[in-house]
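With chain A's structure known, arrange chain B on it following the hints.
Protein chains in written order, with our numbering: chain A, 1 to 164; chain B, 1001 to 1115.
Don't take every hint at face value.
Said to hold, decoys possible - Below, computed lysine-lysine pairings styled on DSSO-like, alpha-carbon distance capped at 27 Å:
| no. | chain 1 | residue 1 | chain 2 | residue 2 |
| --- | --- | --- | --- | --- |
| 1 | B | K1048 | B | K1086 |
| 2 | A | K3 | A | K95 |
| 3 | B | K1002 | A | K94 |
| 4 | B | K1003 | A | K155 |
| 5 | A | K155 | B | K1002 |
What the hints assert, rightly or not - Over 10 Å on every C-beta distance to chain B, these chain A residues come out as not near it, computed from the model:
| no. | residue |
| --- | --- |
| 6 | K3 |
| 7 | S72 |
| 8 | C98 |
| 9 | M118 |
| 10 | L123 |
| 11 | Y131 |
| 12 | V132 |
| 13 | V144 |
| 14 | R156 |
| 15 | G159 |
Stated by the list, open to error - Sample of chain B residues at the chain A side, in silico, Cβ under 10 Å:
| no. | residue |
| --- | --- |
| 16 | M1001 |
| 17 | K1002 |
| 18 | F1006 |
| 19 | V1012 |
| 20 | G1020 |
| 21 | D1034 |
| 22 | T1053 |
| 23 | Y1068 |
| 24 | S1085 |
| 25 | S1090 |
Since the hints were derived computationally from the structure, they do not count as laboratory data. Bear in mind the structure is a predicted one, so any value in this text is a computation, not a measurement. C-beta: ideal position from N, C-alpha, C; glycine also.
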Amino acid sequence: MIKNKKIALASLFATLAVILGGIDNLIPTPAPGVRLGLGNITVLLAIYFLGYKSAVIVALLKVFLCSTLFGSPTVFLYSLSGAALSLLAMLAAKKMRCFSVVGVSLVGGIFHNLGQLMCAYFLVGKGAIYYVPVLCASGCIAGVLTGIVAGIIIKRGRGLFGEE
Amino acid sequence: MKKADFIVLGFVVGLLLVWGAFTSGGEKVSIYVDGEVYKTLSLKENAKVKIETEYGKTTVVIDDGRVYIKETSCPNKLCQKGEISKAGQSIVCLPNRVSVLVEGKTKETEADVLL
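So here's chain A without its partners, still in its complex pose (with noise of 0.2 Å):
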């Protein structure tokens, strides 16, 4: 891809990270800590779209973006670390080839919100860990239904951005 449009789209899936950030932050949950988590959405089409490079980009913007707009320093801890494993996670799910985008989207939920309790862990201490099963259970629905969306628009725009 040339690198100006890599730049531009990588810029246009940042700036929808931060939109869905926001209305993320509008939908109601069941529990602290479970979220739709829709900005995935934009990471992962980054991930199948621009490469790997880009999509670190696009997930460091959205958190930082995300974070500073909605959010809180605290916020901005969790999100970084829940952001970092679930990258990595889903990079290395999408190298194993054996995942269609729907599981490299659900390995990236789960992930997401280990990383987050990881996070916890160091701020709040060993009560985290009972906390383990809600948000490995949302991060499972989750991860499935942002994949579920991630999959029709890659499926739909490969003509219009092309492949990595």
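Same frame as chain A, but now just chain B:
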């Protein structure tokens, strides 16, 4: 979706079911502040605990075997949403760095077998 997707999904769901099967009824309530034990109470006795730290004020209530956060000074009030009663369940208030944990009969640190 591919086969590997379902394998991972099945694996996680299985793990969660196993985890769920091993949690029992609660006995004690531990309140942690900033990762350290602040107070340990019995789940059977009704109580009201006020916690004031540099991060904010939190009021924990034990009522009829259930634990919930009555009042908190944090902005989003997420911790006021639910109540807990079973071992292993917890309420975490991140802004105030308070976590409330229901514990079962046995302590995790106890060894299974002593040699």
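Chain A contact restraint for S1085 of chain B - C-beta distance below 10 Å: 13 Å, violated
Evaluation of the interface hint that places D1034 of chain B against chain A, nearest CB under 10 Å: 7 Å, holds
Under the criterion that the straight-line Cα-Cα distance not exceed 27 Å, is the pair K3 of chain A, K95 of chain A satisfied? 23 Å, holds
Chain A contact restraint on F1006 of chain B - CB to CB distance below 10 Å: Given a least distance of 8 Å, the restraint on F1006 of chain B holds.
Can we confirm that no CB of chain B comes within 10 Å of the CB of V132 of chain A? 8 Å, violated
Regarding the assertion that Y131 of chain A does not contact chain B, is the least Cβ-Cβ distance greater than 10 Å? 6 Å, violated
Check whether the Cα positions of K1002 of chain B and K94 of chain A lie no farther apart than 27 Å. 13 Å, holds
Can we confirm that no CB of chain B comes within 10 Å of the CB of S72 of chain A? Since the minimum Cβ distance to chain B is about 8 Å, S72 of chain A lies within 10 Å and the statement is violated.
Under the criterion of a CB-CB separation shorter than 10 Å, is M1001 of chain B in contact with chain A as hinted? 5 Å, holds
At 10 Å, judged by beta carbons, does L123 of chain A keep clear of chain B as stated? 7 Å, violated
Check the non-interface label on R156 of chain A: least C-beta distance to chain B beyond 10 Å or not. Per Cβ check, R156 of chain A is outside 10 Å of chain B; nearest 17 Å; holds.
Could you check that no beta carbon of chain B comes within 10 Å of the beta carbon of M118 of chain A? 14 Å, holds
Comparing the model with each earlier hint shows violations of hints 7, 8, 10, 11, 12, 13, 22, 23 and 24; every other hint is respected.
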